[in-house]
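Undergrad: Sequence:
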Amino acid sequence: MEEFQINTQTKMGRVTLKVMDLHRQTSFYEQVVGLRVIERTAEYALLGVAEQEVLIELRKTAEKEQPAKGTGLYHIAFQLPTREAFATKFFEILRNKTPIDCPTEQASRYPHFDRIIPISRLDSASDHGYSESIYLHDLEANGIEIYVERQNPTEISGNHPLNFKELAVIANEESDGKLPKQTTIGHIHLRVSKFEETVDFYSQVLGFELRDLTDDTFSVASDRRHHHIAGNTWSGENIAQPLAIHSGLYQFEIVLPDEQSLDELKNHVKQFVQMQEAQTGFIVKDPSGNQIFISRN
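FYI, full-length UniProt numbering numbers position 190 of the sequence shown as 190, with every residue one higher than the one before it.
These are calculated hints, taken from the structure and not from any lab test. The structure presented is a predicted model; accordingly, all values stated were derived computationally and were not measured. There could be a bad hint or two in this list.
Quick list of in silico lysine-lysine cross-link-like pairs, DSS-like style, CA-CA up to 25 Å [said to hold, decoys possible]:
(1) Lys178 with Lys165
(2) Lys266 with Lys11
(3) Lys69 with Lys266
(4) Lys97 with Lys194
(5) Lys165 with Lys11
(6) Lys69 with Lys270
(7) Lys194 with Lys181
(8) Lys97 with Lys165
(9) Lys194 with Lys285
(10) Lys165 with Lys69
(11) Lys285 with Lys97
(12) Lys285 with Lys11
(13) Lys11 with Lys97
(14) Lys181 with Lys64
(15) Lys194 with Lys178
(16) Lys270 with Lys60
(17) Lys60 with Lys165
What follows is a list of derived Cβ distance ranges for each label pair [stated by the list, open to error]:
(18) Glu166 with Gln276: 24 to 30 Å
(19) Glu277 with Thr82: 38 to 44 Å
(20) Pro257 with Glu63: 24 to 30 Å
Every residue, glycine too, gets a C-beta built ideally from N, C-alpha and C.
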């Protein structure tokens, strides 16, 4: 295969999720994650950090919760601009115990209790060396990472405890709970099935640089950062793709900096896989069935 490299200014765009309960999910991303509702109808909601900067699109199209083992989203990763912003959001989520739509949330968060137990939604937290991260899930089992990258990391991988004392000192206790306007989708982590084919797709067909590869994980990036896209087979290889009626990932967006870069990528991609033309780009699926909308600024 002819060697191809995607433009180094490529970034991640909006992530679109299929949801069963649009009201609850919108409330979660607004009240817990800290996004702003930019537009909302009875069928969809657009959320972001600025009036025109949509990070998450929720579509009310799902009828059943996604299977626990299947291809799709492992987590969405929101990248914060500063360590202070990360510290602030960490403690906000740790303290945020207010239930959203109690009767429904009871089943998902408190299956062994007959009453709402006011516990935090935070699942875990870790210092990876190159970044500091916290992890949680939304109300329909979609994984979420909120993180900040270190400017000069001493290691490129790791799993250490966060320094709570340092973070407590720099956290802003008067924050309004909203994510900073500089927040972006830093990366997306996928559950994949056809591992080798999927690695080749992102590294050779799309032209991302392979940054890390193990027996069951990979990560790729367009520049020297740690990664833009990661994938794993922790749920097993050859796992099934969710059905259209299942909640979870509908598609994620890759954004190129200009028309020329988009055309170059399109001409390369169409030699190897089927693609669908779209108004401002094109749509393609990876070998594990994850749908990608590739566009330009």
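Undergrad: If a hint holds in the structure, say so; if it does not, say that too.
TA: Verification of the hints:
For the suggested pair Lys178 and Lys165, the alpha carbons sit about 23 Å apart, so the restraint of at most 25 Å is met. Of the pairs offered as hints, the one joining Lys266 and Lys11 holds, with about 16 Å between alpha carbons and a cut-off of 25 Å not exceeded. A hinted pair counts as satisfied when its Cα atoms are at most 25 Å apart, and Lys69 with Lys266 does not qualify at roughly 32 Å. Distance restraint check for Lys97 and Lys194: the Cα-Cα separation of roughly 39 Å exceeds the 25 Å cut-off, and the hinted pair is therefore not satisfied.
A hinted pair counts as satisfied when its Cα atoms are at most 25 Å apart, and Lys165 with Lys11 does not qualify at roughly 33 Å. Distance restraint check for Lys69 and Lys270: the Cα-Cα separation of roughly 30 Å exceeds the 25 Å cut-off, and the hinted pair is therefore not satisfied. Pair hint Lys194 plus Lys181 does not hold up; C-alpha atoms about 37 Å apart against a cutoff of 25 Å. The hinted pair formed by Lys97 and Lys165 meets the criterion: a straight-line CA distance of about 22 Å does not exceed 25 Å.
Between Lys194 and Lys285 the alpha-carbon distance is near 13 Å, which keeps this suggested pair within the 25 Å criterion. Taken as a hint, the Lys165 and Lys69 pair is broken in the structure, with Cα atoms around 37 Å apart against an allowance of 25 Å. A C-alpha spacing of about 38 Å is found between Lys285 and Lys97, which places the hinted pair above 25 Å, so the restraint is violated. Between Lys285 and Lys11 the CA atoms are separated by roughly 18 Å; this keeps the pair inside 25 Å, and the hint holds.
The straight-line distance between the Cα atoms of Lys11 and Lys97 is roughly 33 Å, outside the 25 Å bound, and the hint therefore fails. The suggested pairing of Lys181 with Lys64 is violated, with an alpha-carbon distance near 33 Å, which exceeds 25 Å. A C-alpha spacing of about 38 Å is found between Lys194 and Lys178, which places the hinted pair above 25 Å, so the restraint is violated. Between the alpha carbons of Lys270 and Lys60 the distance comes to roughly 31 Å, so the proposed pair goes past 25 Å and is violated.
For the suggested pair Lys60 and Lys165, the alpha carbons sit about 41 Å apart, so the restraint of at most 25 Å is broken. Roughly 48 Å separates the CB atoms of Glu166 and Gln276, a value that falls outside the hinted 24 to 30 Å. Under the hint 38 to 44 Å, the C-beta atoms of Glu277 and Thr82, about 40 Å apart, fit the expected range. Between Pro257 and Glu63 the beta carbon distance is about 38 Å. The supplied range of 24 to 30 Å is therefore violated.
Checked against the numbered hints listed earlier, the structure breaks hints 3, 4, 5, 6, 7, 10, 11, 13, 14, 15, 16, 17, 18 and 20; every other hint is satisfied.
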